[in-house]
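Q: Sequence:
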Amino acid sequence: MKCAKDFAQWLYDRVGHYDDGVFLSRQDILELTDRQRFNSNYVNDIHYEVARFGMGFVTDANKQRFYFFKLPDTHWKLVGDRYGEMNKPKAEVHPIKIKQRKN
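Take the sequence shown: its letters are residues 1 to 103, numbered as in this note's numbering.
Don't take every hint at face value.
Straight-line Cα separation of at most 20 Å, DMTMM-like style, residue types lysine to aspartate or glutamate; simulated pairs [claimed, not checked]: (1) Lys5 <-> Asp73; (2) Lys2 <-> Asp28; (3) Lys2 <-> Glu49.
FRET-style restraints, in silico, Cβ to Cβ [as the list claims (entries may be wrong)]: (4) Gln36 <-> Arg101: 50 to 58 Å; (5) Asn44 <-> Ile96: 35 to 43 Å; (6) Gly80 <-> Lys2: 23 to 31 Å; (7) Asn41 <-> His94: 35 to 43 Å; (8) Phe23 <-> Asp73: 15 to 23 Å; (9) Ser25 <-> Cys3: 18 to 26 Å; (10) Lys102 <-> Asn41: 45 to 53 Å.
Please keep in mind that the hints were generated in silico from the structure rather than gathered at the bench.
None of the values given here were measured: they were computed from a predicted structure.
For glycine and all other residues, C-beta sits at the position ideal for the given N, C-alpha and C.
Take these sequences, add in the hints, and give me the full structure.
A: Put into structure tokens, the structure is as follows:
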């Protein structure tokens, strides 16, 4: 199983029912896909394929762990906007004054 589409289907069939999500190591993916190596494009392709099932597939910064999880349906403002519409925080943007050198 080398292609991202086949691996995504296999992953969904095997662990797609698990609500908490799972992680895989780089070695796990190499063994399961029978590949010798892979790059971030392969991870992106897997993510694209599992997104059709409402799932996500991402990696950590070191590309050693890969996370397969259900994509949330809740918009962040429904649970995390503690300021509300009336009390929106103001942007703290100030112009930077740059002194020009005279030659």
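Q: Return the numbers of the hints above that this structure violates; sort them in rising order.
A: Of the numbered hints given earlier, those the structure breaks are 1 and 6, listed in rising order.
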